[in-house]
Each structure stands twice: as C-alpha cells, then as structure tokens.
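Asker: The primary structure of each chain is shown beneath.
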Amino acid sequence: MPVPWESSLVTQLKAQYGSGIREANTYLGQNYLVLDPSITHEILEILHEEEEFEYCVDITAVHYPKREKPFDLIWILYSFAKNQRLRVKTMLADGESFPSSVAIWPTANWLEREVYDMFGIKFDGHPDLKRILMPDGWKGHPLRKDYGIVQQDTEWVQVNLGIESGQ
Amino acid sequence: MLDYVTSYLGMNTTPGQAGNVFWALIYILVVFAGVSVAVMAMNWLERKALAHFQIRLGPMRVGPHGLLQPIADAVKLMTKEDIIPAEADAFVFWIAPLIILCASFTVYIVIPFGPTHAITDLNIGVLFMLGVSSLSVLGVVMAGWASNSHYPLLGALRSSAQMISYEVAMGMAVVSAILMTSLNKTGTGTLSMIGIVEAQQQQQIWFLFKFFPFGFIAFAIFAIAMVAETNRAPFDLPEAESELTAGFHTEYSGLRWSLFMLGEYAAMIAVSSIAVTLWLGGWLRPFPNTLTGATWDLVFSLLPGFTFLGLALIAFIGVIRMPKHPYFRIQTMGLAGFAVVLGIIGLVLFIPPVRDRIQDIFWFVAKVAVFMYLYIWYRATFPRYRFDQLMRVGWKVLLPVAIGVLIMTAILGVVL
Amino acid sequence: MADPTTYLSHLELGEPDKTFLDSSELIINMGPQHPATHGVLRVILKLDGEKVLGTECVIGYLHRGVEKIAEHRTYTMFNPYVDRMDYVAAVSNGLGYCEAVEKLLNIEAPPRAKYIRVILTELNRIASHQLWLGTHALDIGAMTPLFYTFRDREEILKIFEKYCGARLTTHAFRIGGCQYETYEGFEQDVKKFLDFVPPRIDEYEELLTTNRIWVERTREVGKISAADCKALGVTGPVLRASGVKWDIRKALPYANYSEFDFDIPTGANGDTFDRYMVRMQEMRQSLRIIRQAVERIPEGPIMAKVPKVMKPPVGEVYHSIEAPKGELGYFIVSDGSTQPYRVRVRPPSFVNLQALDIMVRGQLVADVIAVIGTLDIVLGEVDR
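Chains as they are written, first to last, in numbering that gives the first Met the number 0: chain A, 0 to 166; chain B, 0 to 415; chain C, 0 to 383.
By construction, these hints were calculated from the structure, which means they are not laboratory data. Be a bit skeptical, because a hint or two may be false.
Partner residues aside, some chain C positions facing chain A, computed with beta carbon under 10 Å [said to hold, decoys possible]:
| # | residue |
| --- | --- |
| 1 | V57 |
| 2 | G59 |
| 3 | N105 |
| 4 | L206 |
| 5 | T209 |
| 6 | R211 |
| 7 | E215 |
| 8 | V243 |
| 9 | S319 |
| 10 | V381 |
Just so it is clear, CB atoms sit at the ideal spot from N, CA and C, and this is done for glycine as well.
Construct the complete structure from the given sequences, taking the supplied hints into account.
Answerer: Written out as structure tokens, the structure is:
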C-alpha cells in the first residue's frame, strides 16, 4: 500500500523533470523516489547540494532477472538538518553503467565497489573500481539471481588454493 | 691449604686488587652462577607478578606455584630447532647474541657487593661500566643486520638509536653522582665503585638524599634512562609484538633467542646494581647515621635471617592452602621442601660469623630486588611510548634536566 | 596473488624496481595475520621513513555470503545468521533485523518485550565497549586493562547465558518479540550488575585517562573533522567524538528508547582520546538506561501475534539502529513469499574503515595500529 508522497521537494522536482520522476511514494512511513537513470545523477547532486542530504547511508542494488531492466540501484540518503531519510531508486539494464557518486559523497567509494563486486554494475568515474570482498580475479557476480548459492569459481580455487572445489 | 683459605678471610681488598687469581676466578664463578640464578628467578617473578597484576595466577603447574617454570622454559628453548635464515650472514648471526651477553656480563666485574666483595675494583670503575654496557648496541645492530630481512633491521636500528640516546642522559646523571664523591676533606672524587659507596658512608648520607632534590632528580633520570637502555616497557617499542616491526630478535629461535633474553635480564640487573651503588648506598644498611649503635646494628643484622624465615612462612602458608588431592601430593611435598630450605637458610643467617659477613651482600641484593620489582610493575602499568615520543623524552626532557642537575650539584657543592 | 604495488596505483607510486634502501618510499604490508588488526584485515602502507603517505585496506577474508544466504532462508531461519556478523555485539544485530521484519509485517512487539530488548541491547553495548577498551589498550601497550575488562564482561555474558543459553551469538530475539521469558532472578542479577560495574569503569579510567603515556599516544592521533565524518558516512562514537551530537536512539527512536532519559556524549577534537572518552561515557549512559528500564519493566506478553508462516506484503523497508559501532541498517526487500528477496546489511564497521586512509595520513606507523583500534571494527561485520 504505497501512498503518494506529498512534499515541496517532490513538486519542485516534478516541475523540473516531469516524467523523469516515475514514482514518489511513501511506504511504511519511508519516502522513496523512483527515477529515470538519465536524470538520477543530477538529482542526487541537487539532493546533496540544495536539499542538505549530506550523509549517504548506503548504496545497494537488487536483481530482478525477469524484468526488462533487471537491476534496481538504490541510494539511501539522510539529512542531519532535516532529520529525514530518503530512498532514491533507479532501474538499469544489464551491462549499463552508471556515473559514480564518489564526487558527491566520498563514502560511495567502497559502497559502489561492493555493488560492482556483487552485481557487476560498473560506475563511470570511480577512481578505483575493483573487487572488494571477493578475491581479485574471481569470475562471476555472486549476488545476482543466476549465481547459485553453492556455486564457486572453480578455476580460481584450483589455481590459487590448489584444491578441487568441494562444491 | 687451610692457611690459603684463612689468608682469604684475612684479605681486606678485592681479589683483583690483591692480584689473587685463584680467588678472583672463584668470585667470577660465584657471580656468574648468581646472576644466572637471578635471571631464572626474574623470569619466574615476572610471569607471576605480571599475572597477579592482571588478576590471573600465572604458571601454577610446573612445580608448586610454577617455581620450576624457568627450568621448563630453558629445556624447551634448548630443544627447539635452531633456524638460521638462508640468506643470513652466519658468522655475524652467531656472534651477535654472544656480544650482547659478554657486554652485559662484563659489567659485573666492577660491581661491589661489599667493601671487599667484588671481583675487582678498578679506579675507573664507572667509566668502565658505562663503556662496556654500550657495547651491547653493537650486538643489537649485528643481530638486525645478520637477519637479512627488513623488519628486524628496522627494529635493530630503532633499538640502537634508543639505546644511545638514553646513554647520554644516563652519563650526565652519573657525573652528578661522581661530583658528590668529591665533597670530602681532600676534595678529590673517585670513579671507583667501591670508592663511591665509601664516600657515601663517609659523608653519612646516601647520594639519593644529598642536596635534596637534586640527588633525587639525578637518580630519577638514571632510573628512567636505565629502563630505556634495556628496552623494557614503557620503552619497548622495538620489541613489541603488536607493532609493525617485530624487533631485532625475530629471526632467532631456540637457544640463541634465550641468549638475548639472558643478556636483557643480566643488563637489567647490572644497571640496577649501578643505580644502587651510585645513589642508594650500595651495601650500606638503611639509616646508617640516625639509627647507630650496637643495638641497632644487631637489629639490622638480624633482618636477613628474618627475611628468609618470612619467605619460609609464606611458602608454608602456600603448602597449607594446596588442594588436598592425590594429584597435588608431589607439588605439596616440593613446596614443603622449598619452605624447609628457606627456613634453614634463614636459621643459618642468624649465626654470628655468617651474620656479619652476609650483611653487605644482603642489603645490596635487597635493593636490586626492589628495582627488579619496579621493572615488572612498569611493564604491567604503562602503555608503550611511540618511537618519536621516546626520542623526544630522551633528548628534550631528560638531557636538559640532567645537565641542569649537574650544574646545580656543582654549584651547591662549592657553596655548601 | 596480485602485486601489492597495483593496489596503491591511485596514490601515484614511484618506480617499483628500486630497492627499499634507495627509494624514500617503502611499501609495507600489515598482513591478514597480525596481532593488532582485530581479525583478518590486510593493510598496505606506503611509508616515507616512519610517516604514512597512504593506506589501502584489503578486506574480504571473512566474507561468508550472508546476504546471499538470506535469499534462501525464511525470515525466521535467517535470524541466527545475523548474530554472526558483528559477533561481539550479537544482540544489537538481532534487534535491528527483528525490528526491520516487524516493520515489514506491520506488527509491533509488546511493551514488555521492548523493555527486555532494551535491557539486553544496552548490556551488550557495555560488553562490546569493554572488549574494545581491552584490545585497544593492548595494542597501545597497556596489558592490564584487557584482563580487567574481560573479567567484568563475564558478568554480562553470564546474564546472557542464563537468559538464552549462549554467551556470544545469542539469538536472543524473535520476530514479534522475545521467545524466552526472563528467568527467575533476572532483575536481581541486572541490579547487582548495575552496582558492580560503575566502580570498575572508574578503575579503567584511573588506569588510562590520566596516564601520561596514554594521553600522549592518543591525543592528536587519528583526527577526523565532523565534515569529513559526514561525507564519509562515518557514524557511531567516531562521529560523536568529532563533535556531532547525533545518535539514532534520539534522532529516529526505535524500540522504546524515547521513554528513557539519557545523554549523548560528544567530543571536541575528533582524535583517539576523544573517542576513548566518548565510549567510556557511553558505557555510563547505558547503565543509566538499564537502571530506568529495569525499574519500569511491565508485566505482559512477550510475543506479538505473528503468523506462523510469515509472508510480508510486497515492498521494501530500511531500518537502522545505533549499534555499538555505528549505524547498523537492514534494507529488506520482500516479494510476498516466505523468503526475503534481498537483505542488505549496512555495516558500520565497513563504512568506518574507509575513513582509515584519511585518519592516518601524515601520522606515524605506530599510530596506524592505534587508529584501527579506535575505529572499533569487527571483521565479521566488515566482510559479512
């Protein structure tokens, strides 16, 4: 039962971007925006500069393999001044990359690296995009839905650990 | 043969000075054995005292209350594999711990346990001591270099930088003590260790209390510098495990490593002995002037015996508190035997001829023991100094204060 | 295995074929096995003599794929996995997860359950800070506080053991409330603890706060400004020590923290000493909360009406709590089935560890270890 979110921010953004703002709803008391990938980076900058969302709590992604645009890229932002939390969501196609938010929030450095590591979404302009949790040289992106729960990169295991992967 | 022995008892100088090679060798052996036993005792005491500071018990299994733990440690270290790194310079690797050991042990030649109880009494005793103890820096650098790995080398360089920095402050403090020896009728001081203690006896004041507070400050500077010299907490950054460079003795294993530990503890005892000689009156009993007279002499001469009887009592209480279980029978018997031995030593120390001769040695050893306990106390209480802070303390704090104390001592010596 | 020089490429490395004695820059590896890195953390340092020019953290040695596992377990089955992330403060992790799922299901735990949750969570906060203090002091060289804090932590672990059977990974809470009623004598034990602990905290302070060497090792070390903290997403005691008075328990209250009266300690300088003082004060404030909670705990049910088969409606929720280490958040996406579609754990230690680079630039090598200790990271949470 998401409820439309009425606020001056929403009206302002809708006036500026019109249909780029797909949804602006509230569910369980938490506000979120669903945006077009083309305008998302700009809106994130506006949220940081003008709306004082100076703390980027988290950047994460969800994989819906059966959808036309399978990846949901989500930012969770918080404003100290307004004591408000906001979620910003956008949909990406497989292989589509997205501009990095490191210039806006330095915390995005490791958060985006983890999204790349787990989902394979590349971020343009990231200073150091490489795997963070999985070993370097691992093939496959584990949190995608087509990656099995006991699946391993057997070649990496054999080369680097010298054992046959038990799975 | 017998008159050879009685001739010894009639000697009134140290064997070295009398030119008596045989007795000098006996003294050397006794000192060497005594220091080795003291090092083992220190090892045990450190583990027990540190454990009690940290609300735990320490070694309890190997021998009653862990008394045989040092022997177990020695056996373990001797049976460990002796690893020499492949690229290491074997000769330097072998000789480095020996240099440290020899430097630490050579200092004992001049340390006086009594007016005639020293191996020898060089009339440049203090200079000899300062010079020889500095040779251990060479051993440290050689150990780090020979390991052919950058962490030990960096650790060795840090350690040697620390040691030579604190030697400067140490030297200045020592000089103020030497100045105080010249405050007698003839106005000549002495560098000989026995002479310094005799000067304290003559001036009837321990140099610790002379020109208060300057004697005390000089002593404090020496006490801090000696902890830094021996790489002990809180100045143990070069050998701490949780720091990046693991210290100059990383690549050493087994018996070679134990030689480093032996050298470290021997150096600790040596510098403490020097502090005791220079400031705490060496072998003099406490209150030599205020509590004079035959009765007070008698009371103080009974103290060694009472100390050992007190230790025997503590051991007996330990025996009573042992659990009454068959597994503990051997330990209980061992502790009881130890208590009995301590008691017998205590009783022997009451016999008048022994009592008189043992006075000096007992007071000297007691004062050094206090320092050893302080070393352990520092280790339990203080965090480590960072290396730049350590160097700052040595050069920017201790050295100016030491020079200031030296100047004030000189002025007061002339004026008063 | 990758060549370590590639890691620091973004720091404009010099030529790698000079020997370490020629170049003025040295690359040193604080390997995954190290007594002071609180777990398997690898830090690559670029040094100029003793000064740190840059660092790079290599993590992932403890990655167990908790988020992937969540997609293959039901909501109740995933509950025990959550403890294993920040294994030092397991009760907080459980609280965050249970509350997030309760939000999704639109149910609320009954009042008595909320009080029990607050008491156990605050006890866990004290235990976590005590462990932090012991290990941090040990890294800096003071060996004794470790034993004192572990001895006092035993009392808390005994309470946990009597309550739910486990000391460390407690699995104390369930979705909808608590499963176990408090045991006979729970209130007495907690009250005894409240009397026993304040003099002990004073003892730790006595050993360290006025100890000159401690002050010299921690003042002006690892400074981070409030603006940097906010930009880097650093939360918890690190943020509060830099001067920002922000605590999720006050800003966005959860459980029934709004009913309790407590202060938020802050620091002025943002250095290691301030973080130490903030955590000591936090321990005392936690005691205050526990005292109020244990006096006011009501009677009543401990479990809400939760459906046997939990199928939350389709939707997403993000819920965060103030864990001892910072803001611990759970982002749960439900697709209407019994298993969550995605569980994202926002780990405070992971985000705080990013700040290590800024905090140690220009400082000495010995400070790197002090700063890692003061950030209070647990690798189980960094890697999940």
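Asker: Run every hint past the structure and note whether it holds.
Answerer: Evaluation of the provided hints:
1. Checking V57/C against chain A: minimum C-beta separation of about 9 Å stays under 10 Å; hint holds.
2. For the restraint placing G59/C at the interface with chain A, the shortest Cβ-Cβ distance is roughly 4 Å, inside the 10 Å limit, so the hint holds.
3. Given hint, N105/C at the interface with chain A, holds; its Cβ is 7 Å from that chain's nearest Cβ, closer than 10 Å.
4. For L206/C, the interface hint is violated, since its Cβ never comes within 10 Å of a Cβ in chain A; the closest pair sits about 35 Å apart.
5. Nearest Cβ of chain A to the Cβ of T209/C: about 34 Å, over the 10 Å cut. The hint is violated.
6. Nearest Cβ of chain A to the Cβ of R211/C: about 36 Å, over the 10 Å cut. The hint is violated.
7. Proximity of E215/C to chain A is violated relative to the hint, the smallest CB-CB distance being about 30 Å (cut-off 10 Å).
8. Annotation: V243/C was flagged as interfacial toward chain A, and the flag holds, the nearest CB pair being 7 Å apart, inside 10 Å.
9. Because the beta carbon of S319/C sits about 7 Å from the nearest beta carbon in chain A, less than 10 Å, this interface hint is met.
10. Nearest Cβ of chain A to the Cβ of V381/C: about 9 Å, under the 10 Å cut. The hint holds.
Hints 4, 5, 6 and 7 from the earlier list are contradicted by this structure; the remaining hints agree with it.
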